[in-house]
Structures are given as C-alpha cells and as structure tokens.
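Protein chains in written order, with the working numbering: chain A, 4 to 116; chain B, 926 to 1037.
Worth flagging that the hints you see were computed from the coordinates, not collected in a lab.
Here the structure is a predicted model, which is why all the values come from computation and not from measurement.
Do not rely on the hints blindly, as some may be mistaken.
One-sided and incomplete, this derived list gives chain B residues near chain A with beta-carbon spacing under 10 Å [what the hints assert, rightly or not]: (1) Q931; (2) I937; (3) G941; (4) L944; (5) Q947; (6) F958; (7) Y960; (8) L970; (9) L1017; (10) S1019; (11) K1021; (12) E1025; (13) Q1026; (14) G1031; (15) R1033; (16) T1037.
Every residue, glycine too, gets a C-beta built ideally from N, C-alpha and C.
These are the residues of each chain, in order.
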Amino acid sequence: DAKTTQPPSMDCAEGRAANLPCNHSTISGNEYVYWYRQIHSQGPQYIIHGLKNNETNEMASLIITEDRKSSTLILPHATLRDTAVYYCIVRVGTSGATNKLIFGTGTLLAVQP
Amino acid sequence: SAVISQKPSRDICQRGTSLTIQCQVDSQVTMMFWYRQQPGQSLTLIATANQGSEATYESGFVIDKFPISRPNLTFSTLTVSNMSPEDSSIYLCSVKGGTEQYFGPGTRLTVT
C-alpha cells in the first residue's frame, strides 16, 4: 500500500472549516483513499473514502486531486468534538486479502473555542 | 454497522504473566483484526484472524507472544503472553463490514 504524509498537527477555530491535507504521491490506480479519526481514548472511527471523484457525506467532504497524488478532508463547520487525530490511509480495493488498514502518524486537529 | 465490545476494558498486570483479551461483535464477520497502540503512538496491526484458519501475523509479531483464537464468526481472543512493561499499550479489535472497518473501544493494558 502507498505511503501517506500528513502534517503532525493543525489548529482550527470553532465554526470554521477544517481542511486536512494528505499527500500520497505513490498511490496506485486501484488504491482508495480512506480517512479515519481517533478521538482521545476511543477506537478509530470511519469518516469517508474515495477513489477518484470527490465525495461528501454527513460528516465531511473528500477532495482528491486529478492526478490523485494528494487529497483534502474538509470538516465544514468544526466543533470542539472534532478535536481528534485524523488518519489518511490508502488501501487497495475494498475486499479481499488486502483489507488490512495500515495507519500512519496522522494529524492532530485541535479545534479552538 | 458493527458494534464491538472488548473485555477487559483495562487491566494492570505483573511482569511475566499473560492476559487474554476478548472481542465480541454483534454480527457475523469474516475478517477480524487486532491492533496495538503504544502510548502516544499510532495503531500497529498485529494480526488478521479469519474464522477457521490460522491467524496471519504482521512483521515483528509472533504467535508465541500473541496467540489468537477465532472460534466463530462473532468472537475472537488475543493473548499477550509473558508480559513485560514494553507490552503496556491499548489493544484494539477491529472488523470489516462492507466498505468500512469498525473498531472496538480498546483494552488498556499496563504491565508493572
């Protein structure tokens, strides 16, 4: 699976959009981009995933560049409860023997009041 | 979605002893995973456990140290054997459901 690079930490004001970048320059054509987050003392929580197209759900939006070498997770209106470590992971497909998620170091997002 | 529970939620153990962690899922799943999260670190995959077959261990993890059982499609155990203080970590169970992967709340282990 391709390696990802994320900034170690970011701050965001409450109510503003949080934009978390991720570089995955060695991503292969069949690898998906997944985002998870881990709130302190809890297990990781799935946020969103995508292959080529931008994706949006009730939690966030995922913007993937046309060359797929980077992506941005957007939390449109950050709240204090969004303070967490955010992990960007690339993984081959969604089924089969390559199911395992390999976590990098992630970005600690601190939402400030 | 899948709801995962783990027992115990936390424990303090003596060096040289073993602890078995249980993972229960509210639905049948084929693939289960065990992760370790050392203090201040990211998650590291220990092994993948499929029902009816031997667990597959990641580099740096061996069966003698972390034996895993997977007796059915809703349950698994991870044993941390002959513990040392370096084994102090949070151990998390995870399952795949559809396109997502779900995680349990973790077991916080402290070895003294």
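Close enough to count: is the Cβ of T1037(B) nearer than 10 Å to one in chain A? This hint is violated: T1037(B) lies away from chain A, its Cβ roughly 21 Å from the closest one there, beyond 10 Å.
Close enough to count: is the Cβ of K1021(B) nearer than 10 Å to one in chain A? holds, 5 Å
Does the nearest C-beta of chain A fall within a distance shorter than 10 Å of the C-beta of Q1026(B)? holds, 6 Å
Interface restraint verdict for L944(B) against chain A (beta-carbon cut-off 10 Å): At 19 Å from the nearest chain A Cβ, L944(B) fails the 10 Å test, so the hint is violated.
Hint validity - I937(B) Cβ closer than 10 Å to any chain A Cβ: violated, 17 Å
Holds or violated: F958(B) as interface residue toward chain A, Cβ cutoff 10 Å? With a minimum Cβ separation of about 6 Å from chain A (threshold 10 Å), the hint on F958(B) holds.
Please verify that hint: Q931(B), Cβ, nearest Cβ of chain A, below 10 Å or not. holds, 9 Å
Quick check on the hint: Q947(B) CB to chain A CB, less than 10 Å? violated, 15 Å
Does the closest beta carbon of chain A sit nearer than 10 Å to the beta carbon of S1019(B)? With a minimum Cβ separation of about 8 Å from chain A (threshold 10 Å), the hint on S1019(B) holds.
Double-check E1025(B) for me: the hint is only fine if its C-beta lies closer than 10 Å to a C-beta in chain A. For E1025(B), the interface hint holds, since the closest Cβ of chain A sits about 4 Å away, which is under 10 Å.
Using 10 Å as the Cβ threshold, decide whether G1031(B) counts as touching chain A. holds, 6 Å
Hint check: 10 Å Cβ-Cβ cutoff, G941(B) to chain A: Not OK, violated: G941(B) not within 10 Å of chain A, min 28 Å.
When each numbered hint is compared with the structure, violations occur for hints 2, 3, 4, 5, 16.
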